[in-house]
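Participant: Sequence order for the protein chains is W and S. Under my numbering, think of the first position of the first sequence as 105, with each following residue one higher. Under my numbering, think of the first position of the second sequence as 98, with each following residue one higher.
Calculated directly from the structure, the hints in this document are not laboratory data. Treat the hints with care, since some could be wrong.
Computed list of lysine to aspartate or glutamate pairs in EDC-like fashion (alpha-carbon distance at most 20 Å, straight line) [unchecked claim]:
1. W:K170 - S:D196
2. W:K193 - S:E191
3. S:K234 - S:D164
4. W:K186 - S:D133
5. W:K193 - S:D169
6. W:K193 - S:D164
7. W:K178 - S:D196
8. W:K170 - S:E199
9. S:K235 - S:D169
Small disclaimer: the values here were computed from a predicted structure and weren't measured.
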Amino acid sequence: MDISFLEERGVLVTSLSGRIDAVTSSELEKSLVAKIDGGAIKILIDLQEVEYVSSAGLRVFLLVAKRLNALKGKVYFCSLQKMIEDVFKVSGFYSLFSIFKDRTEALSKF
Amino acid sequence: MIVRGAKEFPSQKDYLREMIGFISGFAQDCGFLSEDVKKLELASEEAIVNVISYAYKDSLKGNIQIDCAFEDNRMLRVDIIDTGLPFNPLEASEPDLTDSIEDRAIGGLGIFFIKNFIDEVAYYRKDDRNILSLFLKKANGV
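Just chain S, with the same shape it has in the complex:
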């Protein structure tokens, strides 16, 4: 069985909390532990901020569509879809993880968090849309 939820939001930082709230609300309703919901919130924030900053360049008008699907009480999938410029966050270079405060570069951690805090991430470009899919397995499956 698949449970679904979808909603569209304007691509603006003012709507970030609403978007994250929509995703975490869905995950909570699916019975995810709050610790896992936070990981999903983190990955989602980093993904959405990238869409606003790069796909829409902080200025282009557009929407962000969020599709959530939860299959067989096991795997949650969140698709973050935009119609902005082609942007594949998975091609971004690895962040600088140097141990020196002076030398450490600011930034580049967003993608790294997406890859590290959830189970899987995939990117497609289809019909002039960027689609980033975040996958999170339910640890406490009933």
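Looking at chain W on its own, in the form it has when it is part of the complex:
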């Protein structure tokens, strides 16, 4: 898994790639929590390059959403591949979160 951050229109765009699983999820959690502690309250997680997410990854997304909710912030997701979309749907995360087709659409909704 690779993580890269980019600030765009006041939103912290987080691009992830590879596999978000029980091996990599703790690194993702640390990076995102550090950003929130550093003041980021609008976060877009771009999943375009992510090929695999397990429950360990969803756990991090939910934790981030809970943190940001408490701070009156927002986390959006965009560009889900088929497998990721299935995982979001089965877990109920699809209706729990705001999910957009691509980055441009997501950024226009903040």
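Following the hints, complete the assembly by docking chain S onto the known chain W.
Facilitator: Relative to the frame of chain W, chain S by itself:
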């Protein structure tokens, strides 16, 4: 005809990728579509993580044996076998699927994924071993 493959790994998260790779490699060799291989990887990860965390309590020394069998070019069976504490993941309660971010509980999705992403799952306790069998049908059977 049955094609088989088996391998044993230490029960540690450091070996998770190797274990998943062994299972997905077997499924690929059997001609499963990559979309189905991913579902099997997901179910396998959730099952193996449970074994490490609960059957071996993240600390007990032990191995995880993985037996793969593919029968009549149709049904793939993956047995995940450990000698840890008795643990039947199928008895776990259903996860909280509430629609509110504040109220939604973290966790409990692993078993739910196992049940939802593959065709069948079964648990046995035999000779002091936990055996979890995952079944996946080949959609593109030749």
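Participant: Of the numbered hints stated earlier in the document, which are not met by this structure?
Facilitator: 5 and 6
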